[in-house]
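Order-wise, the sequence lines are chains Y and X.
All letters in the first sequence, in the order written, are residues 2 to 275 by our numbering.
All letters in the second sequence, in the order written, are residues 2 to 275 by our numbering.
These are computed hints drawn from the structure, not numbers from a lab.
Certain hints may be false.
Taking lysine to any residue pairs in the SDA-like style, the calculated list, with each CA pair at most 20 Å apart, reads [said to hold, decoys possible]: (1) 200(X) with 166(Y); (2) 25(Y) with 198(X); (3) 200(X) with 66(Y); (4) 190(X) with 221(Y); (5) 25(Y) with 196(X); (6) 190(X) with 107(Y); (7) 200(Y) with 198(X); (8) 112(X) with 172(Y); (9) 112(X) with 137(X); (10) 112(Y) with 172(X); (11) 25(X) with 196(Y); (12) 112(X) with 75(X); (13) 148(X) with 243(X); (14) 200(Y) with 106(X); (15) 148(X) with 239(X); (16) 200(Y) with 243(X); (17) 31(Y) with 157(Y); (18) 190(X) with 170(Y); (19) 190(X) with 105(Y); (20) 200(Y) with 227(X); (21) 148(X) with 34(X); (22) 112(Y) with 170(X); (23) 200(Y) with 84(X); (24) 200(Y) with 22(X); (25) 141(X) with 64(X); (26) 25(X) with 199(Y); (27) 190(X) with 227(Y); (28) 200(Y) with 123(X).
Next come the chains, spelled out residue by residue.
2 protein chains.
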Amino acid sequence: MIPETKTQESCLRIFGLRSRLIRKDDDICKALEDAFSENGISPQEGDIIVIAESALATAEGNIIPLADIVPSDSAINLAADCRLDPREAELIIREADYIFGGVSGAILTIKNGLLCPNAGIDNSNAPEGYVTLYPADPTKSAVRIRKAVSEKYGCNVGIIVADSRTQPLRLGCTGVALGAAGFLAVEDKRGEEDLYGRKMTITRIAVADNLATAAEIVMGETNASIPFALIRDSGIRMIPEESGIELIPTDQCLYFGSFRKGFRTSRERVKSII
Amino acid sequence: MIPETKTQESCLRIFGLRSRLIRKDDDICKALEDAFSENGISPQEGDIIVIAESALATAEGNIIPLADIVPSDSAINLAADCRLDPREAELIIREADYIFGGVSGAILTIKNGLLCPNAGIDNSNAPEGYVTLYPADPTKSAVRIRKAVSEKYGCNVGIIVADSRTQPLRLGCTGVALGAAGFLAVEDKRGEEDLYGRKMTITRIAVADNLATAAEIVMGETNASIPFALIRDSGIRMIPEESGIELIPTDQCLYFGSFRKGFRTSRERVKSII
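Starting from the given sequences, assemble the full structure and let the hints guide the process.
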């Protein structure tokens, strides 16, 4: 039997870190440092620090006044389709790598390999009349912040730049990692054995997304003023080199692979709703 | 400044609970009780207990010997398409509410409102020659287990029956709640104010999925023998009534709503890859 104290010590812990409001051109590393100090916690070896993308984007100056944006005809049509501000639709067209279509209030896009609403453009938690764009290069920022934190506190930490988004046919947002540094963002379990000694064939773990989602529980979405979280004793694999987040090719993705076939040949499938 | 001890106490904590191997017709409540005891931890008011669906399904006898299954012609074709065992494909056809299509090794389905691979049928962590189906009614089981745990330990707890699945265009699995009891599974933040005092319009939080995903960090996927996790001090809203998990209608789902339009009219969209 494992004594209670042992278990208590070895559990995973997540600390939400309150912060002053982060403004354009703030130093995100300084804001994080102040948050550690104000919350009475210091990073330790192996800690993972999760940073809300909106806070990072704001500090990096990636906020845009809508008044400066002149919407194109395409943007006006797209905005009418999806009940968005035409200037926001214009920014979505500029920022998105791909646009699939939308529902009321949101357009489904790909931005830097990530399937996300509105190309990451958000008018929540931005000053009146402004929207935040996604940070320009979240993994590059994660690498920079990791270096600063590791040097300042003398320990290796991992950094995640996190956003939240909905999942298909689910109500409500979960976390997603836009950028990562210092740990293995996707863990490959293929070849490991299951409970009955059989080799696993397709299992990988989305470690960075799981940590981003866990942090979301304490970070909140509205006026909670908790743009940072610290995850301790997660047991994940730290790596010294820049990790980034490995992506899956479209044709190997279960959803894209299946929807392509399913949408085209639905009547020939065994069962289908589309 | 908040003293460190205060912060340490108020953080969210997740305990992975090792367990003996759970077999067909085991009492899941007894197995859970034994795991609490063996891991030296007792449930407290407001704790959330996460149970791996494969463990629950096994205990509830929802495991099937493949030798008994005779595949239909449809199943044989589907299996050839997706490189699956034809008997497994036959079970997927029987279990799925809808089938969209598939990629190598997996078929995208809807089962009880959940978009999931292979209708929840899994040959990992099942005895040789067997597969596990999803538990018949995960929320009903969650309600039953919640009642048993709450009575035994004299405190209100929440229960989640959890699985893992991949996300669109992401590599690796994250958690998803198949069933829930005792807490608000989806929290509605609409009407709350953001950092700048503006009302949020579309934000909901997938609390149950977030907790299921956080638990996955400590539960593992392979031979870890950790079918249970206990989440403490999550700050989520407990509710006495049966909660279940609210779902989103297909036409309001960002992905389904957008893909339908996008796949049909891709050349007319502003940008599209499909």
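Okay, the hints, checked on the actual structure:
For the given pair, residue 200(X) sits about 18 Å from residue 166(Y) by alpha-carbon distance, which is consistent with the 20 Å threshold. For the hint pairing residue 25(Y) with residue 198(X), the CA-to-CA distance comes to about 18 Å; that is within 20 Å, so the pair holds. Proximity of residue 200(X) to residue 66(Y) is assessed by CA-CA distance (about 19 Å); at most 20 Å being required, the pair is judged to hold. For the proposed pair residue 190(X) and residue 221(Y), the alpha carbon gap of about 10 Å is at most 20 Å, so the pair holds.
Between residue 25(Y) and residue 196(X) the CA atoms are separated by roughly 14 Å; this keeps the pair inside 20 Å, and the hint holds. Of the supplied pair hints, the one linking residue 190(X) and residue 107(Y) holds, its CA atoms being roughly 17 Å apart against a limit of 20 Å. With a C-alpha separation of about 53 Å, the suggested pairing of residue 200(Y) with residue 198(X) is violated against the 20 Å cut-off. With a C-alpha separation of about 16 Å, the suggested pair residue 112(X) and residue 172(Y) falls inside the 20 Å cut-off, and the hint holds.
Restraint check for residue 112(X) and residue 137(X): satisfied, since their Cα atoms lie roughly 11 Å apart, inside the 20 Å limit. Proposed proximity of residue 112(Y) and residue 172(X) is supported: the alpha carbons are some 16 Å apart, at most 20 Å. The straight-line distance between the Cα atoms of residue 25(X) and residue 196(Y) is roughly 14 Å, inside the 20 Å bound, and the hint therefore holds. Straight-line distance between C-alpha atoms of residue 112(X) and residue 75(X) comes to about 19 Å, which keeps the hinted pair within the 20 Å bound.
Annotation: proposed proximity of residue 148(X) to residue 243(X) holds, straight-line Cα distance about 11 Å (limit 20 Å). A distance of roughly 15 Å separates the Cα atoms of residue 200(Y) and residue 106(X); the hinted pair therefore holds under the 20 Å criterion. At roughly 14 Å between alpha-carbon atoms, residue 148(X) and residue 239(X) fall within 20 Å of each other, so this suggested pair holds. Our distance criterion of 20 Å between C-alpha atoms is broken by residue 200(Y) and residue 243(X), whose separation comes to about 39 Å.
Taking the CA atoms of residue 31(Y) and residue 157(Y), the gap is near 18 Å; set against the 20 Å cutoff, the hint holds. Between residue 190(X) and residue 170(Y) the CA atoms are separated by roughly 19 Å; this keeps the pair inside 20 Å, and the hint holds. For the proposed pair residue 190(X) and residue 105(Y), the alpha carbon gap of about 18 Å is at most 20 Å, so the pair holds. Taken as a hint, the residue 200(Y) and residue 227(X) pair is honoured in the structure, with Cα atoms around 18 Å apart against an allowance of 20 Å.
Between residue 148(X) and residue 34(X), the direct Cα distance comes to roughly 13 Å. Compliance with the 20 Å bound is thereby established for this hinted pair. Among the hinted pairs, residue 112(Y) with residue 170(X) is consistent with the structure: their alpha-carbon atoms are about 11 Å apart, no more than 20 Å. Restraint check for residue 200(Y) and residue 84(X): satisfied, since their Cα atoms lie roughly 17 Å apart, inside the 20 Å limit. Straight-line distance between C-alpha atoms of residue 200(Y) and residue 22(X) comes to about 18 Å, which keeps the hinted pair within the 20 Å bound.
Distance check on the hinted pair: residue 141(X) and residue 64(X) sit about 18 Å apart at the alpha-carbon level, within 20 Å; holds. A hinted pair counts as satisfied when its Cα atoms are at most 20 Å apart, and residue 25(X) with residue 199(Y) qualifies at roughly 19 Å. Between the alpha carbons of residue 190(X) and residue 227(Y) the distance comes to roughly 16 Å, so the proposed pair stays at or under 20 Å and holds. With a CA separation close to 13 Å, the supplied pair residue 200(Y) and residue 123(X) stays within the 20 Å bound.
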